[in-house]
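Chemist: Please model the entire structure based on the sequences and the hints provided.
Number of protein chains: 2
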Amino acid sequence: MESTDKPATATEAAPLQPAATAAEYSALQVGLRVLLFAACVSAAVVMGTAKQTEMVSVPGFPPTVRVPFTAKYSHSPAFIYFIAAMSVTGLYSIITTLASISVSRKTKTILLAFALFDVVFVGIVASATGAAGGVAYIGLRGNNHVRWNKICNVYHKFCRHIGSAVAVSLFAAGLLVLLSMISTFTLYKKIR
Amino acid sequence: MESTDKPATATEAAPLQPAATAAEYSALQVGLRVLLFAACVSAAVVMGTAKQTEMVSVPGFPPTVRVPFTAKYSHSPAFIYFIAAMSVTGLYSIITTLASISVSRKTKTILLAFALFDVVFVGIVASATGAAGGVAYIGLRGNNHVRWNKICNVYHKFCRHIGSAVAVSLFAAGLLVLLSMISTFTLYKKIR
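Taken in order, these protein sequences are the chains called Y and F. Position 88, counted from 1, in the first sequence is what my numbering calls 88; the numbers after and before it change by one each time, with no gaps. Position 106, counted from 1, in the second sequence is what my numbering calls 106; the numbers after and before it change by one each time, with no gaps.
The hints are simulated quantities; they were obtained by calculation from the structure and are not laboratory data. Just so you know, not all the hints are guaranteed correct.
To be verified - DSS-like cross-link-like pairs, simulated, lysine-lysine; straight-line CA separation at most 27 Å:
id : chain 1 : residue 1 : chain 2 : residue 2
1  : F       : Lys189    : Y       : Lys190
2  : Y       : Lys72     : F       : Lys150
3  : F       : Lys190    : Y       : Lys189
4  : F       : Lys108    : Y       : Lys190
5  : Y       : Lys150    : F       : Lys150
6  : Y       : Lys157    : Y       : Lys72
7  : Y       : Lys108    : F       : Lys189
8  : Y       : Lys51     : F       : Lys150
9  : F       : Lys190    : Y       : Lys190
10 : F       : Lys108    : Y       : Lys108
11 : Y       : Lys150    : F       : Lys51
12 : Y       : Lys189    : F       : Lys189
13 : F       : Lys190    : Y       : Lys108
Claimed, not checked - Residues from chain F shown here face chain Y by an in silico Cβ test under 7 Å; the list is partial:
id : residue
14 : His75
15 : Ala115
16 : Ser127
17 : Gly130
18 : Val135
19 : His145
20 : Ala173
21 : Tyr188
We put the CB at the ideal spot given by N, CA and C, even for glycine.
Modeler: Quick look at the structure:
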């Protein structure tokens, strides 16, 4: 970038500066969106593979009578919503990653689109995290007031899956907030 | 605004145009943020007043033995989080409403601040809605797989409160998404 020895290239170096910034910005966007994709897919897969069969006692029978009973994610609508939300967000992250890579020139419009849609997906991912987290907390601690028994003292592996998936989706929600902020801030810098 | 009869005011009319747009924008912002405040406060109040005492049978005793039992929001951590989130968002909406009213000139910086913070509050409100909605759904339908009994067949009034609060907070989340989009889009229009 040393343009002191060649004064002829100084006129070319000036318009390169915003392009370099745009490229850096684009690289950051692509990196974060790939990370978002990984987070969404892993959250959905970890939640989807949450399945454990244990021998549990049946109410109405003596405690020695135990039957195999399976806990899986599809038993709770909150967990089904979680997987749907993570899948949709994963798909969105693929589309936006490809858009970040291919569209390097029309940054203004693409920044606007990113900033607008990212907010919607912040809402989707945060609500899915909240719903799954709220149900998972009941599974972990139970609720004595309404006699909802905890299940994580029996289904350890199942609960580890649920907990991990919720933690990863919380990370994904943070990433989306960051991505939306970056898009907005880059729009702002273009004004000044 | 008819400047045809007075050509001298035509030079003054031109710079007035962006100010009028900014004023219109500010009025929309103020209106939506006041609506957001109303939604957050009503959601928090409706959730906070969710309390109902009913005579319920006790397990281990014959069904004729019934004791008074109270269902209230504080029995669930998800509902406590919901009230906390709505209170914080209500406070935020007061601050941003005052900022929208007082700062009519420095719109660029204030738009950026709104666009950045609104996204964070979209996440907070959406996660609170998700958590409360997830727990409320178990209360409404129960979950046979883990033997969590439904409670809304006994606590009708309590469940109406919870349901209304969740519906209003969903509306508040939509408002925040809209507000964030308006801020971002106004920033975008300033570039062109």
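Chemist: Hints first: check each against the structure and report whether it holds.
Modeler: Now the hints, each set against the structure:
With a CA separation close to 11 Å, the supplied pair Lys189(F) and Lys190(Y) stays within the 27 Å bound. For a cut-off of 27 Å, the pair hint linking Lys72(Y) to Lys150(F) stands: about 20 Å separates their Cα positions. Only pairs whose Cα atoms come within 27 Å are accepted, and Lys190(F) paired with Lys189(Y) is accepted, the gap being roughly 11 Å. Between the alpha carbons of Lys108(F) and Lys190(Y) the distance comes to roughly 11 Å, so the proposed pair stays at or under 27 Å and holds.
For a cut-off of 27 Å, the pair hint linking Lys150(Y) to Lys150(F) stands: about 15 Å separates their Cα positions. In summary, the hint linking Lys157(Y) to Lys72(Y) is supported, as the alpha carbons are separated by about 11 Å, within the 27 Å threshold. Proposed proximity of Lys108(Y) and Lys189(F) is supported: the alpha carbons are some 10 Å apart, at most 27 Å. At roughly 24 Å between alpha-carbon atoms, Lys51(Y) and Lys150(F) fall within 27 Å of each other, so this suggested pair holds.
Restraint check: the Cα-Cα separation between Lys190(F) and Lys190(Y) comes to about 9 Å, which is no more than 27 Å; the hinted pair holds. Only pairs whose Cα atoms come within 27 Å are accepted, and Lys108(F) paired with Lys108(Y) is accepted, the gap being roughly 17 Å. A hinted pair counts as satisfied when its Cα atoms are at most 27 Å apart, and Lys150(Y) with Lys51(F) qualifies at roughly 24 Å. The straight-line distance between the Cα atoms of Lys189(Y) and Lys189(F) is roughly 13 Å, inside the 27 Å bound, and the hint therefore holds.
Straight-line distance between C-alpha atoms of Lys190(F) and Lys108(Y) comes to about 11 Å, which keeps the hinted pair within the 27 Å bound. Using the Cβ-Cβ criterion of 7 Å, the hint placing His75(F) at the interface with chain Y is satisfied: the shortest such distance is roughly 4 Å. Interface restraint check: Ala115(F) against chain Y, minimum CB-CB distance 4 Å, threshold 7 Å, status holds. A cut of 7 Å between beta carbons decides the hint on Ser127(F): the least distance to chain Y is about 4 Å, and the hint holds.
Hint status for Gly130(F): holds, given a least beta-carbon distance of 3 Å to chain Y, under 7 Å. Using the Cβ-Cβ criterion of 7 Å, the hint placing Val135(F) at the interface with chain Y is satisfied: the shortest such distance is roughly 5 Å. Among the interface hints, the one on His145(F) holds; its C-beta lies about 4 Å from the nearest C-beta in chain Y, closer than the 7 Å criterion. A cut of 7 Å between beta carbons decides the hint on Ala173(F): the least distance to chain Y is about 6 Å, and the hint holds.
Below 7 Å, beta-carbon pairs count as interface contacts, and Tyr188(F) has one with chain Y at about 5 Å; its hint therefore holds.
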